[in-house]
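Chains A and B, in that order, are what the protein sequence lines are.
Residues 1 to 360 (the numbering used here) are what the first sequence spells out, left to right.
Residues 1 to 199 (the numbering used here) are what the second sequence spells out, left to right.
Not one of these hints is a red herring.
Pair ranges (Cβ atoms, derived):
| no. | chain 1 | residue 1 | chain 2 | residue 2 | range |
| --- | --- | --- | --- | --- | --- |
| 1 | A | VAL79 | B | LEU188 | 19 to 27 angstroms |
| 2 | A | SER167 | B | GLU46 | 32 to 40 angstroms |
| 3 | A | ARG245 | B | ASP145 | 26 to 34 angstroms |
| 4 | A | THR251 | B | SER185 | 24 to 32 angstroms |
| 5 | B | LEU30 | A | GLU77 | 56 to 64 angstroms |
| 6 | A | SER167 | B | ALA92 | 30 to 38 angstroms |
| 7 | B | VAL91 | A | ALA240 | 32 to 40 angstroms |
Think of the hints as simulated: they come from the structure by calculation, not from any bench.
Using N, Cα and C, we set each Cβ at its ideal position, and we do this for glycine too.
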Amino acid sequence: MRLRSLNLRHFRNVTLTRLEFSGRLVCFVGGNGQGKTNLLEAVGLLTALRSFRTPDNRLLLMHNQPAAALICELDHERVGTAKVSITLRRDGKEVWCDDTRVAKLADFIGRFPTVAFSSQDQQLVRGSPAGRRRWLDVAAAAMEPDYLRALLAYDKALEARNSLLKSEGASDAELEAFEVALAPAAADLIARRSAVIATLGAHLAKAYERIASGAERPALVYRPDFDEEPDAEALLARLAASRGRDRMFRTTVGGAHRDDFELTLGGRDAKDYGSEGQQRSLVLALKLAQAAWFHERSGVRPVLLADDVLGELDAARRREFWQAVDPESQVIATGTALPDATLGNWRIFRVADGEVSPEP
Amino acid sequence: MTPSFEKLQQALKQLPGIGYRSAERIALNLLVEKPARLPALVAALEEAAQSVRRCARCGNLAEGDAPCAVCADERRDAGVVCVVEQVPDLVAIERSGAFRGVYHVLHGKLSPINGVGPGDLNLATLLVRVESGEVRELILALSNDVEGEATCHYLTQHLPSANAVKVSRIGFGLPSGGGVLYADSVTLKSALDARRNYD
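If we strip away everything but chain B, and leave its shape as in the complex, we get:
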């Protein structure tokens, strides 16, 4: 293999989910097997690198200085903000079609073991949003583990006290279509804790 090929392979290997073998296969495919695809890929990469940004308001993906598609949609309720860890979490909730408010993407959660502190999260803009008074309700859709729990606590402790916002955390319980029998005891416990009136 040539030095340039190896450089490309090394760069591909840095990508998530791609190991040494996959990197080799992709590089060979691009350079030897289907070289015609290469210019389109290079152009797409360059264009995306130029234009894709974080939405200044919520942290979702956006083009240039414009707000993201969710923030730009005037039919959505800007007073209800769903806080998620990552952009794919937002995509998953969007796909469900169950939420008509807007989002805030933290781009991570507090994780001292991985050296992620509050400064590494997209927190300040959220606090600004709450302070501006535009937010009535926060729905915390963070993961159901120690780090998600700690992030929720940290966040709620730092909300400006002047504007009263309703804060809730999404429920943890039985998966849809799942019976009680096959749920583990922790899931059952949170499902029981989070039970609702039947009416």
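For reference, chain A alone in the conformation it holds in the complex:
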């Protein structure tokens, strides 16, 4: 997939802009706080209508504006050319794709894949399980409609059970009624997560090998909260057995909503044992793995959004990173300085205070 044009209105600090891209390599250059990342963030919305920086879409609206709009024209391996228009409001969003209104997220998510590389990515190694889970869920839901359905079914049943636990008078029979719906949804979700992590892990090993020449092999290890086989019967029994504790805490304490995964190097958790540089290479490799998986699975090459991450790498690692990137993928990068001209012809845009101007 390649982005051909980007129109933005009232998106973060961008009042109005229309940008056209012709080549494979695009770079936004400007000082800190000028709005370079905002442009990448806008493109990143195409994947799952979620920002890679914040879970709250209201933050994407320009201050004091009721709506933000984004219109993209794309070349796409499967549908040819496509025009996507996204309008964000404080109370929701509206998406149009080639003059057809998109009614359900499931009909849109993953059709226009992007993968963002940002300095926040290191949180995938060091940060909270919630952050890792969110990333995994969005990435997997974008690739597999069935993953999204499993996730939504699980969330719905969990929300119902938690509502019961919060109300004083819920009987065991009522709890059981919703556990019967929750357990198969959990089994389904756990099985899908396990498969996704195995596939991503294989891509991760390949990508890491190319950007960090070291002996230690990386791996992605699933840490489900319920660590036995994802069998609906067993999960149902677990839920029934934990009713007493769950009533006390007034919420479902354990389950797939507490799942986690670990990034390991040579069998050891990279959070505790990996060096700064190893962690950095590991998350880059994870994002490259995500891009490779997207491509393998859907036949569509995601647009790579490189948000100044490469600035943090030394020259050798930077070179290795660029060698690992799919040479056909479009790359949209940001930086405070001009990008490496040896990589090819960059289309440069200068960004200053929300104004974007192409460099002749």
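Knowing the structure of chain A, use the given hints to seat chain B on it.
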């Protein structure tokens, strides 16, 4: 606008599917544009409020203390009971003409998020019907979602064990006239799970 007008508008706005603008339009129409219709509407409302009740047996709409039209129809098989969430569900099945048994309307489904528990549903009378022995078969025609699933489970767990009734749930699958190609994967999965012998 006058205080009485606004009171009317507020009352209309409470109705489902009617917003501020529609309420204003209806109120204006009733009071100013076609006032001749008003007495008939008021009379119809009063009469309906007086006489329309829930059928004591099944929960469907009925007049006064009489059973509903379905329960009163002696040609129908009272041993087969189709359990639905709402009266419009019953109306939809009736319109299909495919069912010759009787109904039981729960008036909702278990929904902890909306604060709907078993006590809020028309469940007790169903259990009484089953206990009385008049029911041979229950067909659960509840929605195909988490809450419908939970309601089915709750209901079957509370059926009296003394009288064996056959319990089934309506099938979920391809819409009539629809091809396999355009069905989503969940629908296809339930269609495959619910496949029947071809004979």
